[in-house]
Structures are given as structure tokens and as C-alpha cells.
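Student: Take a look at the letters that make up each chain.
There are 2 protein chains.
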Amino acid sequence: MPRYRIDLEYDGGPYAGWQRQAGLPTVQQAVEEAIFRLSGETVSIRGAGRTDAGVHATAQVAHVDLMKQWRGDTVRDALNAHLRQAGERVAVLAAAQVGDDFDARFSALGRHYLYRISNRRAPPALDKGKVWWVPKALDAGAMHHAAQLLLGRHDFTTFRSSQCQANSPIRTLDRLDVTRLGDEIEIRASARSFLHNQVRSMVGSLKRVGDGAWTSADLGAALEAANRAACGQVAPPDGLYLTGVDYPDG
Amino acid sequence: MPRYRIDLEYDGGPYAGWQRQAGLPTVQQAVEEAIFRLSGETVSIRGAGRTDAGVHATAQVAHVDLMKQWRGDTVRDALNAHLRQAGERVAVLAAAQVGDDFDARFSALGRHYLYRISNRRAPPALDKGKVWWVPKALDAGAMHHAAQLLLGRHDFTTFRSSQCQANSPIRTLDRLDVTRLGDEIEIRASARSFLHNQVRSMVGSLKRVGDGAWTSADLGAALEAANRAACGQVAPPDGLYLTGVDYPDG
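Just so you know, the protein sequences line up as chains A and B, in that order. 27 is the number that our numbering gives to position 27 of the first sequence; each next residue is one higher, with no gaps. 1170 is the number that our numbering gives to position 170 of the second sequence; each next residue is one higher, with no gaps.
Okay, chain A solo, but in the shape it has when bound (with noise of 0.2 Å):
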């Protein structure tokens, strides 16, 4: 069966998230029944991120096998009517056949996360749901500063959901960058993989270095502690985008 990469883009604020879950929308359903309206096949598609509920995507990957031998751009276009008559707030960027060896989640070598922060007095307005708004002034340089500390490999039990189902929590950060760009706080994180909330729960607590609340020394410390509790709040996820997945040969 030939098998297809799939690029999508989607606005997570209506989804439970990425995975299927009974009697709640998420994205994988959403595809796969754009994907049954195409084709008549029942499939299930594998992503790369297993993005929570109101997490984004300007590209996750996903992969899908077909009956067919369909033309890339046809499943694309075909897909993407489907997914608008259904009124979903998902789009597919591309569609290509790809080998069989392909396989969006256990083939990716990279992740790359982008969050958001709407840091200002006033409440975003035009960008509601899609970034998180901190009223209070962060100091971004701070937060850029304190984050180098948690690159590289550690255990990092203490930015990782109660929930996570890993089976270690070693993971290798290879990117932490705090940028501000006017009144928005961007955070850029890149690693081969994440564990379950550790986007969100190393934003939130380098929040509370922004806000003075901790120091640089906090959050190593509360690295060192590989311990839950010592996570700042986890931020929500809004400001969270899924904006790349590397794989071999590009």
C-alpha cells in the first residue's frame, strides 16, 4: 500500500488535542474522516506531535496508507474541501507519497516548538486564544539568559506531566531562545523529542524568572530537583505551536 505524508496546519483551540479520544474532536479524527470522505478507506494516521488540547500546528506531519496511488497534490486539495465543508479548523500544506520506511513519529530526528507570549497590559484582542497574555513586564533577556541552563541532556522529570507515559524522562535540549518582538515574548525550543507538557511547564517557569519571582539559580535548582513539584505553573496552550519535524534527507 502506498504510504503519504501528510503536512498539516491547524487552529487547536476547538480540539481535545491531536489523538483520537471517544466523544471529543481532535484532530487525527478530523483527518481521518477527510481522509474516508476521499478514499472510503477507515484508516489511522500516525503524527509526529501528539499535540494536547489548544496546542497548534503551523506544521505537524503526520502519515497515512492508501488503497490508491493518488497524486500528492490531489489528496491535498481533496483533503483540504473535505476538512472546510466539515467546517475544521485544519488544513493540509502538502501531501506526498513517501516510502515505506517513512514513519512520521518514529522517524522524526527533531521537534520544534514556538510559544507565544502577549506580554502587555491590555488583552489581546486580535490574537485571543492564540498566545498567552502576562500583563505583568517580563524580562525577556533574564528569561533567555536562565534558559541556557537547560540545554543539553537531563533528567527532566520536574518540567514533565504527571501524565507522561515515556519511559524515561532523559530527553536532550538542543534549543531554548527567548526573543521579545515589541510587545510579544517568542520562546523557541527544539529537541529530537519532548516529554508530555515540558514546552509549557519550562515556559511557565521561565515566566517566573521574567517576572523576578526566580532567579536564574531557581530554575537550575528546580531542574536539579527532577521533582514535579518543583515545575513553575505550566503555561497554557494557547501560546503553543508545533512549527517543525525534521526528518532524514529533509
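Bear in mind the hints are in silico, worked out from the structure with no lab data behind them. From a predicted model like this one, the values you see are computed outputs, not experimental measurements. Here a beta-carbon is modelled for each residue, glycine too, at the ideal position from N, C-alpha and C. Just so you know, not all the hints are guaranteed correct.
[Claimed, not checked] In silico DSSO-like cross-links for lysine-lysine, where the CA-CA straight-line distance does not exceed 30 Å:
1. A:Lys136 <-> B:Lys1136
2. A:Lys130 <-> B:Lys1068
3. A:Lys128 <-> B:Lys1130
4. A:Lys68 <-> B:Lys1136
5. B:Lys1136 <-> A:Lys130
6. B:Lys1128 <-> A:Lys128
7. A:Lys68 <-> B:Lys1130
8. A:Lys136 <-> B:Lys1068
[To be verified] Computed footprint of chain A on chain B; a stretch qualifies when at least three of its residues, placed anywhere within it, have a C-beta under 8 Å from a C-beta of chain A:
9. 1060-1069
10. 1100-1107
11. 1114-1123
12. 1136-1150
With chain A fixed as given, assemble chain B onto it according to the hints.
Tutor: Structure of chain B alone, referenced to chain A:
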């Protein structure tokens, strides 16, 4: 009575435009109701730009006279609290007391608009309602080149709504820049003032240049015709943002 300048951001999607209309939700009404909840006064605010239904603003400016002296920050925070409580998609970015001679509409020396086109095969999922989706590839360079023909002082009857109430169709266009940023085309327009639907009419005609239906010369001929029938499609409101208003002394 002290006069206040109020800077506003809004998502135009849920509103029938800026200006009060009986029985329809408008931005003006949302702000006036928030002011009533703050001070108990029934006021009429005046905005710099009377944006149409569905048009957004990152920096609309309005003014209002209130009975009492308030700190600007107090007005901003209180109005934001009332707007949020009412579920409005409007935020007060800043509020400050100004002189009696400040008039948000008549003191304005320049108005700036941004128009966003999403130019890709996939429909917008994250930016739904915030961009004009044009799946056919557009030549942004050709659009920019042609746009320069519209600069300067002209009779803009071609690019004017039949419902426009301005006394004269003569306007001076100071800027009309078209740039591509990845899949997005941004059009930035500046003038002392615009006719009703002028930006959307110019964008709709530029889109014809971008997709090859029109040459630059066709756009110039449309301008010279000074005839509404010569206009291309009026671009939808979704992509339009009022991004700034200039006043004397900043």
C-alpha cells in the same frame, strides 16, 4: 470636560463595522457600553477610521469626553475589564487625557492600513478570517510595480464604494507597497484619508495584476477611467487592518 484619546485593537470578525447601527453589534457600541459601565455616562465616541464589517484594527484611535478626571491607565484597565466581561473582541491599548483640540477623526494627518493575502494552495486554518485566501499564485513583484501607478493625487472614483459619502473622489495616496513573506503577501497603504472601500478596491484590482489577468497598463487605465465599473473585485474585509493613525506632535 476632560477629553481622552483611546487606542484600540479589535478583531472585526464579530462586528458589523466600527459605526453604531441599530440592532447590530459594532465596535463603537462595544466601547461606549464599556465606558457606560466605567463612568455611568452615555457617550458618543469618534474614531479615526470608520472600518467596515469584518475589518480589523491593530491601532484604531478614538476620542471621548468624560465628566471626571481619570488616570489614563485607569481608563485603559477598567475598559479592558468591562470589554472582557462582555466577551467583546476589542482591547484598549492605551488611554490618555488630551487637549480639547484633539479630534480622532479630524486631527488625523495620515492613516495606515495593512492588507494580508494568504497565497497558497491550502486554505488558512490558523488565520481563518484574518487573511484573504488566494490559492492561485500571485506575482507580488508585478503587483508592487503596478501599485506605484496609483501613488499621488488622483480621482479615485474607480476604487470608491457606491455608498461612499465623501464630498470629493480626489485623494492623495502616499504609499502602496506590495511585499511577499513566504506564502503571505502584505500590502501596505498610507494616505491622509481614504475613500470608502478604497483599500479593498485597490487590493482587488492589484490581485488581477498578480494573477496575470491585468497588466500594469490595465490598472492605470482603470484609474483613469474614474468609473466604478472599471474596478476589479473588491477584496474581502478579512485581510484588512487599520494599523495606525498619525497626528500632529506624534
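Student: All hints are to be evaluated individually against the structure, with a verdict given for each.
Tutor: Right, here's what the structure says about each hint:
{"no.": "1", "hint": "A:Lys136 <-> B:Lys1136", "in the structure": "violated (43 Å)"}
{"no.": "2", "hint": "A:Lys130 <-> B:Lys1068", "in the structure": "violated (36 Å)"}
{"no.": "3", "hint": "A:Lys128 <-> B:Lys1130", "in the structure": "holds (12 Å)"}
{"no.": "4", "hint": "A:Lys68 <-> B:Lys1136", "in the structure": "holds (28 Å)"}
{"no.": "5", "hint": "B:Lys1136 <-> A:Lys130", "in the structure": "holds (28 Å)"}
{"no.": "6", "hint": "B:Lys1128 <-> A:Lys128", "in the structure": "holds (13 Å)"}
{"no.": "7", "hint": "A:Lys68 <-> B:Lys1130", "in the structure": "violated (36 Å)"}
{"no.": "8", "hint": "A:Lys136 <-> B:Lys1068", "in the structure": "holds (28 Å)"}
{"no.": "9", "hint": "1060-1069", "in the structure": "violated (count 0)"}
{"no.": "10", "hint": "1100-1107", "in the structure": "violated (count 0)"}
{"no.": "11", "hint": "1114-1123", "in the structure": "holds (count 4)"}
{"no.": "12", "hint": "1136-1150", "in the structure": "violated (count 0)"}
In summary, the numbered hints that this structure violates are 1, 2, 7, 9, 10 and 12.
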